[in-house]
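**Student:** Spelled out from the first residue to the last, the chains are:
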Amino acid sequence: MSELQTAPKSRRNTELLLLLLALVVGVGANMLVGLDQDRAFDQDFFAQSITLAAVALAVHVVLRLRAKYADPVILPIVIALNGIGLAMIHRLDIATGDAAAARQLMWTGLAIAAMIALIWLLRDHRVLRRFTYISLIVSAVLLMLPLLPGVGVELNGARIWVNLGFATFQPGEIAKITLAIFFAGYLSTNRDLILLAGKKVGPLQLPRWRDLGPMVVAWLVSIGVLIFQRDLGSSILFFGLFMVMIYVATSRISWILIGLLMIVFGGFVAFKLFPHVTARIDGWINAFDPEVYNRIGGSHQIVQGLFGLASGGLTGTGLGQGRPDIVTFANSDMIIAALGEELGLVGLSAIVLLYVLLVTRGVRAALGTRDSFGKLLATGLSFTLALQCFVVIGGVTRLIPLTGLTTPFLAAGGSSLLANWLIIGLLLLISDAARRPAVPGPSGASHAPRPVSGVRGRSTTGRARTDGNRTHNTREVKQP
Amino acid sequence: MLSDLAVTALRFGFLILLWILIISIVSALRRDLMIGQKVKTGQPSAREVRKNPELAAQQPSPPKVQAHRLSVIEGPLAGSELPLAASPILLGRAQEATLVLEDDYASGRHARLFPQGSRWFIEDLGSTNGTFLGDTQLTRALPVEPGVPIRIGKTVIELRP
Numbered sequence: 001m002s003e004l005q006t007a008p009k010s011r012r013n014t015e016l017l018l019l020l021l022a023l024v025v026g027v028g029a030n031m032l033v034g035l036d037q038d039r040a041f042d043q044d045f046f047a048q049s050i051t052l053a054a055v056a057l058a059v060h061v062v063l064r065l066r067a068k069y070a071d072p073v074i075l076p077i078v079i080a081l082n083g084i085g086l087a088m089i090h091r092l093d094i095a096t097g098d099a100a101a102a103r104q105l106m107w108t109g110l111a112i113a114a115m116i117a118l119i120w121l122l123r124d125h126r127v128l129r130r131f132t133y134i135s136l137i138v139s140a141v142l143l144m145l146p147l148l149p150g151v152g153v154e155l156n157g158a159r160i161w162v163n164l165g166f167a168t169f170q171p172g173e174i175a176k177i178t179l180a181i182f183f184a185g186y187l188s189t190n191r192d193l194i195l196l197a198g199k200k201v202g203p204l205q206l207p208r209w210r211d212l213g214p215m216v217v218a219w220l221v222s223i224g225v226l227i228f229q230r231d232l233g234s235s236i237l238f239f240g241l242f243m244v245m246i247y248v249a250t251s252r253i254s255w256i257l258i259g260l261l262m263i264v265f266g267g268f269v270a271f272k273l274f275p276h277v278t279a280r281i282d283g284w285i286n287a288f289d290p291e292v293y294n295r296i297g298g299s300h301q302i303v304q305g306l307f308g309l310a311s312g313g314l315t316g317t318g319l320g321q322g323r324p325d326i327v328t329f330a331n332s333d334m335i336i337a338a339l340g341e342e343l344g345l346v347g348l349s350a351i352v353l354l355y356v357l358l359v360t361r362g363v364r365a366a367l368g369t370r371d372s373f374g375k376l377l378a379t380g381l382s383f384t385l386a387l388q389c390f391v392v393i394g395g396v397t398r399l400i401p402l403t404g405l406t407t408p409f410l411a412a413g414g415s416s417l418l419a420n421w422l423i424i425g426l427l428l429l430i431s432d433a434a435r436r437p438a439v440p441g442p443s444g445a446s447h448a449p450r451p452v453s454g455v456r457g458r459s460t461t462g463r464a465r466t467d468g469n470r471t472h473n474t475r476e477v478k479q480p
Numbered sequence: 001m002l003s004d005l006a007v008t009a010l011r012f013g014f015l016i017l018l019w020i021l022i023i024s025i026v027s028a029l030r031r032d033l034m035i036g037q038k039v040k041t042g043q044p045s046a047r048e049v050r051k052n053p054e055l056a057a058q059q060p061s062p063p064k065v066q067a068h069r070l071s072v073i074e075g076p077l078a079g080s081e082l083p084l085a086a087s088p089i090l091l092g093r094a095q096e097a098t099l100v101l102e103d104d105y106a107s108g109r110h111a112r113l114f115p116q117g118s119r120w121f122i123e124d125l126g127s128t129n130g131t132f133l134g135d136t137q138l139t140r141a142l143p144v145e146p147g148v149p150i151r152i153g154k155t156v157i158e159l160r161p
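Line order of the protein sequences matches chains A and B.
Heads up: the first sequence runs through residues 1 to 480, numbered per UniProt numbering.
Heads up: the second sequence runs through residues 1 to 161, numbered per UniProt numbering.
Hints were generated in silico from the structure; no laboratory data involved.
Check before you lean on any hint, since a few could be wrong.
Here are some, though not all, of the chain B residues that point toward chain A, as calculated from beta-carbon distances under 10 Å [stated by the list, open to error]:
no. : residue
1   : 5
2   : 12
3   : 99
4   : 112
5   : 116
6   : 156
Footprint (simulated), chain B over chain A, 3 or more residues, beta carbon under 8 Å [claimed, not checked]:
no. : stretch
7   : 233–239
8   : 299–308
9   : 415–422
On a predicted model such as this, the values are computed, not experimentally measured, just so you know.
Don't be surprised by glycine CBs; every beta carbon is placed ideally from N, CA and C.
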């Protein structure tokens, strides 16, 4: 066979170039924020720039060594977003005298170290399929932790934190990964059953009652999170994740319809019964009502964010020149409003586009990978990122009610940063499996013979042999 | 303190830099999308044949045989046949399986056969003892040609036209 069908390029050099450009963006933003106060090149600036560059290049080296064929644009996009986030948090620190940027920097380092460990130790995402049901249990434990007395802490009306002694942590952020692993493992095993059984009503094929079980469980978990932890954002996220994964696994539109009905029903009941949900909806619809605006926990925050976005206009006030610090929680919930004020519509659309590109690369990895578990996992994880962006940016721009989700990689918050970096680690591994040259199959005629040479050929064949069929539980070991 | 002009220039410079990053990423992707086509196995496209005429000679198109039946050759169920429709088939000991294998070496949900395009593919569902197509153990979904035996435990099945 000719050159046309030889192994694909690893494209790590492209990644390096884009990574350097992304670092220029991150460091440039960080320099600009202090420019007006003559603090452009203070100690914080150097600490942040050097740490960011060091961890970014460390990940790049690890990818060269361990996941050679990973997608070349995922890492630069995430580093650019993380850098812009750090710069904006630093900028808000200058205005408020806080030290959030230092904490964010520490968590960035920790999160990237955790991701490197994940890539280094896991190597192949298919191993995770073994932990399908363990992931379910882990998710349940993680979601219960904040409710335990002594461990759980209630902050700003939501009981989603646990106290680690030196810091607080949101276990729910990690739960979205373990839930995605469970859904992917469960659905890739039971897909045919869910797909085939059931009555047909008109153009819709309805699922059987017992196949609805997991969906009901997902719904109950979401409602439980909403009631007991008062966290509207995570509740939407968990249910949306399950709905998308089951739709992708079965391609039955009936699941989406059933899910939407459940959301409408659950949302309506929650709106009627729980005051915190009612207040959120009220602050969304009647945001400009003076009474709602002045109420504690009213629409003050979102309206100030909208004013900020308005004063930013098309090209923004320039980094360090606006007043984004007027908005409460400007560096976490409302960081999109702060960025919109200082970078304007032009800058904010660039940021949204970075997210869009990131999600498309995740879905591309799902398309390319060969096992159904990996496909579902990559889809679910990319969708998690997409849904978080939609819920946050939609909330800040008053398209939907504001909820307490964080903007991935931008907002201040260690747990969210850690969880999202781990998601990126998994997506990189899956994209590596997707783009890695295929091992020639046994039905030789239909597969192009491929030059197998050196270390690469050996390692790919070796891997395929060891992890092929052992990625599942061993229920039926019977050797008569 | 910098002059206002310099600050304004830097402000717009940063926005331009952001968009340069996006444009470079998109242009890197444009080339990246080709890779999916390069690893594609099977028939070379007309353009590839035009560039490398030897490709056409090397790959005579395999005769297209549509499989319509699945027949069990060996094992407890030997002799039985199953018509193939457009829906996937689950093989295993579980009662929900399309072909319930009475075989101690088979897992509950052992493997699945599914149609894609005009071909059938077999995929192992993480079975304990593995699935063999011809004499190779499956590590991923592979196309099944009619007449190639698939072995699951003591059972051997094959597709028939």
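**Student:** Indicate, hint by hint, whether the structure satisfies it.
**Tutor:** Consistency of the hints with the structure:
1. 5: 13 Å, violated
2. 12: Hint holds; residue 12 (chain B) Cβ to chain A Cβ min 7 Å, cut 10 Å.
3. 99: This hint is violated: residue 99 (chain B) lies away from chain A, its Cβ roughly 12 Å from the closest one there, beyond 10 Å.
4. 112: 6 Å, holds
5. 116: Violated: closest Cβ of chain A sits about 12 Å from residue 116 (chain B), beyond 10 Å.
6. 156: 16 Å, violated
7. 233–239: With 0 residues in contact (Cβ-Cβ under 8 Å with chain B), the coverage given for the stretch 233–239 of chain A is violated.
8. 299–308: Coverage by chain B is violated for the stretch 299–308 of chain A (0 residues, Cβ < 8 Å).
9. 415–422: As far as the stretch 415–422 of chain A goes, the hint is violated, because 0 residues have Cβ atoms under 8 Å from chain B.
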